[in-house]
Structure formats: C-alpha cells, structure tokens
Amino acid sequence: MKNRKSIMAWIVFLCLFNYSAWSQEVSKQDYFYATVTTEDARDLQKQYPNEVIIYESVDGVSAVKMTVNAADHLHHNVLTHGPGYVYMSSLDKAVQSIKKAQANKSSKQAKQLAVNYTIDQDTYVNQSLNLVDNLEIENTIQTLVGYGTRYHTYSSATQSVVDIKAKWDNMAAGRSDISTRLVYHSSTNMPSAVLTIQGTTYPDEYVIIGGHIDSTNPSNNSNAPGADDDASGIATITEAARVLIEMDFRPQRTIEIMAYAAEEVGLRGSGEIAQDYSINNVNVIGYAQFDMTNYKGSTYDVYLINDQYTTPVLNNFMMQLMDHYNASGTHQLSYSTTQCNYGCSDHASWEAEGYNATFPFEASFSGSNPYIHTSSDTYNQAPLANSVHAAKFAKLALEFLIETAKADGGTTPTCNVPSGLSSSNITTSSATVSWSSASGAASYDIRYRIAGGSWVSTTSSSTSKSLSGLTVDTNYEFQVKSICSGQESAYSSSATFRTLSNNPVSYCASSGNDVSYEWIENVTVGSLNNTSSSDGGYADNTGQSVSLTAGNTYSVSLTPGFMYSSYSEVWRIWIDYNHDGDFTDPGEQVYSGTSSSTSSGSFTVPSGASSVTTRMRVSMRYNNAPSSCGSFDYGEVEDYTVTINGSLLAAKGGEKTVREAAGMKIFPNPANTETIALTIEDGFQDEGVVRIMTIDGKTLETKTIMEPRVEVDISRLPAGHTYILVFESGDVKKTQSFIKQQ
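Note that the sequence shown covers residues -23 to -1, 1 to 719 in mature numbering (1 follows the signal peptide of the UniProt record, and there is no 0).
No lab work stands behind these hints, which were simulated from the structure alone. It is possible that some hints are incorrect.
Claimed, not checked - FRET-style restraints, in silico, Cβ to Cβ: (1) 640 with 450: 53 to 59 Å; (2) 559 with 450: 18 to 24 Å; (3) 607 with 683: 51 to 57 Å; (4) 179 with 353: 44 to 50 Å; (5) 181 with 581: 33 to 39 Å; (6) 640 with 432: 34 to 40 Å; (7) 66 with 260: 24 to 30 Å.
Quick reminder that beta carbons are idealized off the backbone N, C-alpha and C, glycines included.
Make a model of the complete structure from these sequences and hints.
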C-alpha cells in the first residue's frame, strides 16, 4: 500500500511539474481565449501541443486557449483568409459563446424569417447607381495603403481610423442628421469608426454595412499595405456613404457604416460592437460585410458567402436585388455563391448575435486574391484597373441600404440626364438605341437624325427604343432626355451609329480546333459582358454589340474556362476600325495579354475613328499567339459587333482649335455665317473642284470653281458640326476641316 501511494504521489508530482512547465512556457508568449472549429483546434493541438488547450466542444466548435503563434499559423498557413477563430475575453465567455450558438439556432431562424425584405425604391436606387465613382474608390484605397501595415497594435492603424472618420465628417458637413464616432475597445487599443444617418420614421431600426480597416502579415512587422484586404472594402462603404450624402438621401430606418478594428486577430472590433448591440436589444434589420472587393479572380462579379455563418433569407434578398437592378445594362452584375471558413470575417460577429448577415465577396473563395497578408497586396495587383470591380460592390451596397432602410417621403429625387447611350441590332434600315435608367424618370424622349440633318422625335417608357425606316449605310446620331413628374432633364450628349450597307463586309474564318481543355468563358469590353460555356471553337456573337466612342479608353477583362487544370492562354482582340473586312490595318489589334486566369487591361479608341458599325474579334489560344484568321490547335474565337461613335461633335462658343492646311485658308473658321471665304494660295490651275464632306467621308456639297478665291455657300449645312472641305485641281489636293457654329 505504501509503495502504491508513493507511486501515485510521484505521478501527481509529475503532472503538476509538467503543467507548471507548460504554464511557464506559455507565459513567455501572448495567449488568449477563443472559439475555433473542433477540427482545427485538434489539428493545431497536434502541431503545438504546448500552446493549445481545448476546454469544451459543442456542435463542432471548441472553446480554447492558445498562443498568438498558434493562432497565426491557423490564420496564415491553414486558412489564409480570415483568422479562423473568434477572440474571447475569458474562458467563461468562450464557453458561453459555443453554448449560446447551439441554444440560439431555433430562435435565430424565427427572428430571421420575421424580417420582410421588399424592393420598391427603384427611383432612388437608380439615381445612386449613376453616381458611383470608381476613381473615388481608387483614391481611398491608395490613401489607406499609404499608412503601411495597419496592424492593430501599430499607431498607423489608429491613425487610419481617425483619418477615415475625419473623411466621413467632411463628406457629411452640413447634415445635422449625420454623426460619426470612434468606438474604443477592451481587447485592442485600435478604435473602430462609425457613421450614422439617423432614420426619420423608424430611428430605432438599423441597417448596417461594414468592413475592417486593419491589415496584417505573418510576422506583423514587414509591410502589409492591405490594398485589397481590406482597404478595398473600406473604400467601397465610404463610396456608398458619399453617394447617399450627395443624393441628400434621408432614410426611414437608421443607416450605419462601420470600419472595424482588429478583424485580423479574431474579429475583435466587430465582436464587441455586435455584442453591445445585442445586449442593448438594438434592432438590426440586416448587416452586410464588405471585405475584399477589388480583385476579380473568378468568372462572376459577386460571390455570396453561403454557409452557416450567413443568413439564407438575406442572401436571397441580395440575389433578388442583383436580379432586379443588375441583370443587364451599364450596372450589370453576375453572381454565384461560395463558402468561407469559421471566423472568416466580421459578418460572423453579427450572425453570432442572431442578426441577419450577408457577405458578398470579390471572387470564389479559391479564386480570391493570393497576395493578401503580404507586402504584395498592393493596388496594382488588381486584375481590373481603376477600381471598377470594387465599384460594383459599392452599387450593391447602395441597393442593400436604400431598399432596406427605405427613403423618407420628404426626399425629392432629381431628374437626371440619361447616360450610357449605346446602339444594337443594327440593320440596313433599323437599329435599337439604349441608355441607362435615370433616377426619377417616368419615361424618356428620344431624338435622332442623319448626321447634319433635322431631328426626328419619339418616346419610350423603357430604357430602349427600336428605330425603323432608316437610310442604308448612313451615320445617325441620337440623344435622350428624362421625363419626370413635373419636370424634365436636358438632353444627353449625342451617341452615333451607322446603318449597314446593302453589300455587307465578309470576314475570314478563325477557330480553335480543340476545346476539350480550355475555352473562352467571359468577355468584358466596356459595357459588354458575355459569359458562355464552350462553343466548339468559334462563337458568332455578332448579335451582341458594344458602343465605343472615339478617343475614350475602355477596360478589358478576359476569362478562360478550364476542364481540368489551368493553362497559359494568349489573348488577342482586333477591331476592324475602317470596316474593310480584315484586321490587318495599323492599330486594329487593340489588346494582347497572357494569363492562366483572368487577363485584364484597357485600350483607347483612336480619336480620329469614324462612326461605323463593325466587327470585333476575340481570340484565345493555348501557349501561342493566335492570328486574326485561320484555325489553331487549342482555344476558341468569338466575334462581336462594335459601334464606333466617331467625332461628330458640336462646336460650342468657337473655342475649338482648327488645323489649317498648307496653302489653303478658310475664313471665318469656326463660322457662324451663311458663307465662308476660301483662298487657294498655291496650286490652283485653270479650275478646281470643292467638296464638303462629313468627317466620316460622306459628300454633302460639290462645286466647281474658276478662280483661287471664292465664297462658298454653307447655309444648307446644319450648325453645330465639324465638316471637311476638300479642294482638288489637277494633281493638287488640299484638305481642311471647318466648324459651323450653332
């Protein structure tokens, strides 16, 4: 018995000694309590047996104590996106959290189903979408990148929060219903920032969007600019706030916009705020998280996180919003779903407290930004330039806020000028003209004419109009204005199109022979956004068109589809600018790129391009550059229609500079007279011929002259346009433009 007691005492001593040794070792490191999935907790415990202790597990989630070292491994080496754990201030809080999550399942479902989301704010939403400015988003991202690493213990992190609050204050100047505040936390010295727009009818009901403003990397010491994770999200919600303020939007429900501290170390900022709102019974109608919005790494534009940490009813509402507002046109969005990990982002803090939460994400989880948490998470890593991808999320944020908070009856929308004019379905005698929906518009007036002719007017209750009875092979211009209740907008700027010829241009054939491994999945050029599966090597998509304007720059995004593994694909785009049936003229190859994922960039339409409806060819070939004609081994070709809006621009106020031809003068130029004086200073022989043409080469007037100085009648030419005067005498030819002012 004595021996047996001695053995037991020795065992107890060893256990106490080992526990003491473990405690001393852990005490040398920072450790904390958290909740984490049981699977991840067990895996971590195997790798870090002296740094992870599991106290209790409920329904696949465990209450643990672990070191920062172990947590960093989970965050950066196992899961990459999101910490994968939720910070807790004590063991008791951790255990309560996992038990509460299980107990609240049925009550959360009942609460979530009780919310009735509706769509009836079209006027205000459409106004907001037209106000989103991607360059504002770009500026905010670049500003946040300038702080370097915004790790929650760094002074740069705190300063970034103070400065974003100041930016919000400046935007809201003069609005007594808007306030901002800093929220200080017990778990971090870094504060969060909150902007509040007080509701008019239901001020105690809240609609919230947010994102985290901190950044990190595995060592927390080297530069982690966090351009995408999550400066892009903060820039997105800031742009949503800016647009609401510019609209003078007054919501029925209170809107809040939040920039959280310390998301990267266990959702600390959002966790404390969500818990505080829950304890105080704040009625949050819905929450949307914007964490990483500017890296288009997958086929679709928006991926809704669809797992147990988001709310199905709110995810469905987000899909309904995109179906309603973003199915086509300038603001088109495509969407799908994906899944994230435990503690993936701040939405989990709100969902844990029983609130409806959604998380629209920049790509599929596997296709998201590979550079996050490194010094390479910089602005120029974004596949699409100028923050155009993040702008899509700002639009979705506005749709969510306006449709959930609802506009106060006293908010008066403006009658905006329509934008985004384009043309499609062009034949020899007809065309369809389209434009973006303008806020406040009940209908639209459209006027069109042969370039330089008289206007013909018509109306439409939708955002398109079919025009018929047009002249073959002729340039037309059109304008649109909004008709609102009690008011109307000005006419838009002109857009142009050209009807087809009776002798259509034919093009060489081109195709890929084998699409078993790769094909063209998405082509985005300007407002054109076409997603398709394999088309057998060639797709005639000339029924789809995009309108481009001379001198403007357009973004390009090209995405391959793969059956198995990804491969290096070489892309080319050609546009037959002069409509001569080939793509071999100088400048007609407008884009080239190589990538195993999305290839992106931009091109500029030549400023001297004429108005024409023509062909665009997009070609993708495995590992080699495709040519514009002929077949090749692996890849695909797609053809589209392009309408070039040439420079049929009105001259206002005589300020436009006109280039003079050597040896020929036109006076006055610009002209607001019935005639112009033409002087041929050299090269005039016995007689000459003068032709006046439109800038795309259509002859309007022809006159034979017998002396080198004559008056040319321009009284029949419509004012407000640029024309070309051509003089020919023998082998001498001189050309000069002139403007007839309005």
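Okay, the hints, checked on the actual structure:
1. 640 with 450: 53 to 59 Å: violated, 33 Å
2. 559 with 450: 18 to 24 Å: holds, 19 Å
3. 607 with 683: 51 to 57 Å: Since the Cβ atoms of residue 607 and residue 683 sit about 55 Å apart, the hinted range of 51 to 57 Å holds.
4. 179 with 353: 44 to 50 Å: holds, 45 Å
5. 181 with 581: 33 to 39 Å: Since residue 181 and residue 581 have Cβ atoms about 52 Å apart, the given range 33 to 39 Å is violated.
6. 640 with 432: 34 to 40 Å: This hint holds: roughly 38 Å between Cβ atoms.
7. 66 with 260: 24 to 30 Å: Taking Cβ atoms as reference, residue 66 and residue 260 lie about 25 Å apart, which means the hint holds.
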